[in-house]
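K.L.:
Spelled out, the chains give:
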Amino acid sequence: MLAVKIDWKQYDPGSSYDELISVAGQSRTAAAALTRYLASLSPKMLDSRQDAAERAIAEMGITFTVYSEGRNIDRAWPFDIIPRTIAAAEWDRIAAGLTQRLTALNLFIDDLYNDQRIIRDSIVPEEIIATSRNFLKPCIGARPAHAVWANICGTDLVRDADGTVYVLEDNLRVPSGVSYMLENRIITKRVFPELFKDSSIRSVDDYASELLEMLSSLTPRTGDRPEVVVLTPGIYNSAYFEHAYLAQRMGVELVEGGDLVVADDDCVYMRSISGLERVDVIYRRINDTALDRECFEPDSVLGVPGIMRAWRAGNVSLANAPGSGVADDKVVYAYVPQIIRYYLDQDAILPNVPTHLCADPKNLEYVLANLEKLVVKPANESGGYGMLVGSHATRKEREEFAPLVAANPRNYIAQPVLNLSTVPTLVEGRLEPRHVDLRPFILQGAATSVTAGGLTRVALRRGSLVVNSSQGGGSKDTWIVDTYPDGRGHARRGAA
Amino acid sequence: MLSRVAERVYWAARYLERAEDSARLIDVQSQLLLDLPASTGIAWPHIVGIVGVGDAKLTRGRAAERDTLKLLLTDDRCASSISATIAMARENFRTTRDIVPTEAWQCVNELHIFARSQLRWAVGKRRRHEILSEIVARVQGVRGLLADTMSHGPAYQFFCVGTNLERADMCTRIIDVAVASLLQDPERLERFENTLWMSTLKSVSGYQMYRQYVRRRMRGADVLAFLFQDADFPRSIRHCLWQIEQCMARLPNGAALTKRLDTLVQTVTELTVGELDNAALHAEVDRFQVALADLNQQMSDTWFSPQN
Chain A
2 MLAVKIDWKQ
12 YDPGSSYDEL
22 ISVAGQSRTA
32 AAALTRYLAS
42 LSPKMLDSRQ
52 DAAERAIAEM
62 GITFTVYSEG
72 RNIDRAWPFD
82 IIPRTIAAAE
92 WDRIAAGLTQ
102 RLTALNLFID
112 DLYNDQRIIR
122 DSIVPEEIIA
132 TSRNFLKPCI
142 GARPAHAVWA
152 NICGTDLVRD
162 ADGTVYVLED
172 NLRVPSGVSY
182 MLENRIITKR
192 VFPELFKDSS
202 IRSVDDYASE
212 LLEMLSSLTP
222 RTGDRPEVVV
232 LTPGIYNSAY
242 FEHAYLAQRM
252 GVELVEGGDL
262 VVADDDCVYM
272 RSISGLERVD
282 VIYRRINDTA
292 LDRECFEPDS
302 VLGVPGIMRA
312 WRAGNVSLAN
322 APGSGVADDK
332 VVYAYVPQII
342 RYYLDQDAIL
352 PNVPTHLCAD
362 PKNLEYVLAN
372 LEKLVVKPAN
382 ESGGYGMLVG
392 SHATRKEREE
402 FAPLVAANPR
412 NYIAQPVLNL
422 STVPTLVEGR
432 LEPRHVDLRP
442 FILQGAATSV
452 TAGGLTRVAL
462 RRGSLVVNSS
472 QGGGSKDTWI
482 VDTYPDGRGH
492 ARRGAA
Chain B
-12 MLSRVAERVY
-2 WAARYLERAE
8 DSARLIDVQS
18 QLLLDLPAST
28 GIAWPHIVGI
38 VGVGDAKLTR
48 GRAAERDTLK
58 LLLTDDRCAS
68 SISATIAMAR
78 ENFRTTRDIV
88 PTEAWQCVNE
98 LHIFARSQLR
108 WAVGKRRRHE
118 ILSEIVARVQ
128 GVRGLLADTM
138 SHGPAYQFFC
148 VGTNLERADM
158 CTRIIDVAVA
168 SLLQDPERLE
178 RFENTLWMST
188 LKSVSGYQMY
198 RQYVRRRMRG
208 ADVLAFLFQD
218 ADFPRSIRHC
228 LWQIEQCMAR
238 LPNGAALTKR
248 LDTLVQTVTE
258 LTVGELDNAA
268 LHAEVDRFQV
278 ALADLNQQMS
288 DTWFSPQN
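So the protein lines, in turn, are chains A and B.
The working numbering applies: residue 2 is where the first sequence begins, and numbers increase by one.
The working numbering applies: residue -12 is where the second sequence begins, and numbers increase by one.
Derived from the structure by calculation, the hints contain no laboratory data.
Where hints are given, some of them may not hold.
[Unchecked claim] Pairwise CB distance ranges, derived in the manner of DEER restraints:
1) B/Ala280 - A/Arg56: 37 to 43 Å
2) A/Ala77 - B/Ala280: 36 to 42 Å
3) B/Ala280 - A/Tyr386: 47 to 53 Å
4) B/Thr136 - A/Val302: 32 to 38 Å
5) B/Arg103 - A/Pro362: 55 to 61 Å
6) B/Ser287 - A/Gly252: 23 to 29 Å
7) B/Asp135 - A/His393: 53 to 59 Å
8) B/Thr136 - A/Ser49: 26 to 32 Å
[To be verified] Just so you have them, the derived chain A footprint on chain B, three or more residues with Cβ under 8 Å:
9) -12 to -4
10) 82 to 91
11) 96 to 102
12) 234 to 247
We put the CB at the ideal spot given by N, CA and C, even for glycine.
Go ahead and model the full structure; you've got the sequences and the hints to work with.
P.N.:
Given below as structure tokens:
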């Protein structure tokens, strides 16, 4: 076989913004070393690196679980070896925007469950809160540590054709993916060790220490070694790998609901080999309403009966605090720029995607008339479920979807279909553009920190905009490349 | 340490040990059958008895070897097959990933990948030894890795308890079958006695050590005494029980069980194996198997699901 090397002039991202290549053959500054290096490899060499990566994933046992045909299947994590690069200067601005946004959202949540000033001042309409499934009455009056409710946030960012980075969703409930971000880096270092020598790529591997420090800052007791645990729904959950991974990296116990018990003193204990041991901070990876059957779903077997009682009494911290999801409502999302201005007296650094609230009759009419140009999303789902991408749907699918929206407009929002940015992706030995998004992770406790980059998810099918791993998406390593002329960006960590 | 995690680590160790012991046993048995004429009456079905497949329907005659090996190696419906045992070990490691060193999890995961792809090639004779001895070596690698890189705190102690309990259990099964087949028909098997005792020792990796420590011609009574009560051989019943005792002494709330183990070690040490007839030997084996099952139950009451 003739060894044809990569010719970037042949690479055509079409009308999308490509993260590595600006115009035919021209690499963006942050990607210069990477594209030069890739151009020196033959397709065969590239393929063998991809094979090496896939072998490493199988051997390291990096998996996610999908529920299919009535049973759970543990699948290897789909990974593409070509990294996505972002210039450090641009990233620092994005990180500042993320910090700003989460700070405001936490002030908002704390306000909603306490004084509700923002409603009295008519910035956010009361009925939005009154009709939100994620506004949880048992949380009213609660005062979590540092007044921070959403301690771990996985914001989804997308870039449109003109290069603007938008916030697509705030995931404030139990966002997942950070372990894959960390593993992607380990694999990339194995596959392209040469590249790390010559570029200054910001490290991501202190995430577990940051997470433990943040969680420890939430302890309700004094003492220098609070008992922190990770609460998982169990081995059949799609993110079980991540729960175990984070517990291991932090060196804390991974517990299931049955391992915990709330005693008569309203404190939470875990069942250990030496009897009951008090727990201070629970990083819970189960949904709000499954947390406590005394309070929410009476038939939930995943949670811990009485845990809400213990939390309200201030005897245990839950991260994220129950009820944080109220700010995750896609209708609330539309108000975030006003929320930032209200609490921080600042303009939002990161813009929202223009959003039509279907609850407004004028908007509803527009949305129903223009379904083929819009993405319509239910207000309270995640994982890409229950939504309609109008431009990619058939006429029949659109006709079936319209009555759902018309029947329950409060529950839907619509946004223009963005032309998501692309990154070169290895497809049958060739590099082709594929659409990506980005999920950075923000930690907020006594202090705030942002990961250097995040998890880049990629839609592996040509033209597809769906990046969810449960629906055929893969992932890539994300490099924040130091492009500051004097190298000053290298030692800084995000915008903490 | 969480009770649930302690139990999983314990079972991870048991399944891992079971996979190793079965692999070695099948390997040794394969070699043995090459040396024995059919007239001895010793054939594949009796090894099925050791592994404890229970009342599975077994083929006799020419297809017996192939069918038995499929059952013992790759049949996922058979809980004692090596394939199923490794899958269970992996599942227990997967669900205790937060406390086991990552390298050990990776070795177990690779062992599982190896077993999935290779075990079926061990049904035939040609590659059987190569594949089974690799399984043994990989399990030993995991154990070595844990011994050298995992803190010897409670989690590791539970792992060692699981390993030694399973090992002792397997030793009693091997003794039981050896006694049943060798001592019942001594005349017919006389010519092969040496070979048979040798392979019994090899089934627990004990042949070479036996030679070094018991410098006498191979005798049934000596072999049995070695397997029951040698103080230094790590797979003798006595040594396994002693190891379990050492581990339990380091665990919280372990006093009652440690005492119980101490009694068991004494009992096995004081056995006069040479003076026992077949029925008495079988009764002794039975007694230890009951004691081991009983230990399992007491561990559960003490650590895994205490009623408090």
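K.L.:
Now, for every hint given, state plainly whether the structure supports it.
P.N.:
Results for each hint:
1. The hinted range of 37 to 43 Å is satisfied by B/Ala280 and A/Arg56, whose Cβ atoms lie roughly 42 Å apart.
2. Distance hint check for A/Ala77 and B/Ala280: the Cβ-Cβ separation is about 39 Å, which falls inside the suggested range of 36 to 42 Å.
3. For B/Ala280 and A/Tyr386, the hinted distance range of 47 to 53 Å is satisfied, since their beta carbons lie about 48 Å from each other.
4. Range check, B/Thr136 to A/Val302: Cβ separation about 36 Å, and the 32 to 38 Å hint holds.
5. Under the hint 55 to 61 Å, the C-beta atoms of B/Arg103 and A/Pro362, about 59 Å apart, fit the expected range.
6. Our hint of 23 to 29 Å for B/Ser287 and A/Gly252 holds, since their Cβ atoms are close to 27 Å apart.
7. Checked against the given bound of 53 to 59 Å, the beta carbons of B/Asp135 and A/His393, roughly 54 Å apart, stay inside it.
8. For B/Thr136 and A/Ser49, the Cβ-Cβ distance of about 31 Å falls inside the hinted range of 26 to 32 Å, so the restraint holds.
9. With 6 residues bearing a CB less than 8 Å from a CB of chain A, the stretch -12 to -4 of chain B meets the requirement of three and the coverage assertion stands.
10. Against chain A, the stretch 82 to 91 of chain B contributes 5 residues with a C-beta closer than 8 Å to a partner C-beta. That satisfies the three-residue criterion, and the hint holds.
11. Residue count for the stretch 96 to 102 of chain B with a Cβ under 8 Å from a Cβ of chain A: 3. That meets the three needed, and the coverage hint holds.
12. For a cut-off of 8 Å, the count of residues in the stretch 234 to 247 of chain B with a CB near a CB of chain A stands at 3, and the three-residue condition holds.
Checked against the numbered hints given earlier, this structure breaks none of them.
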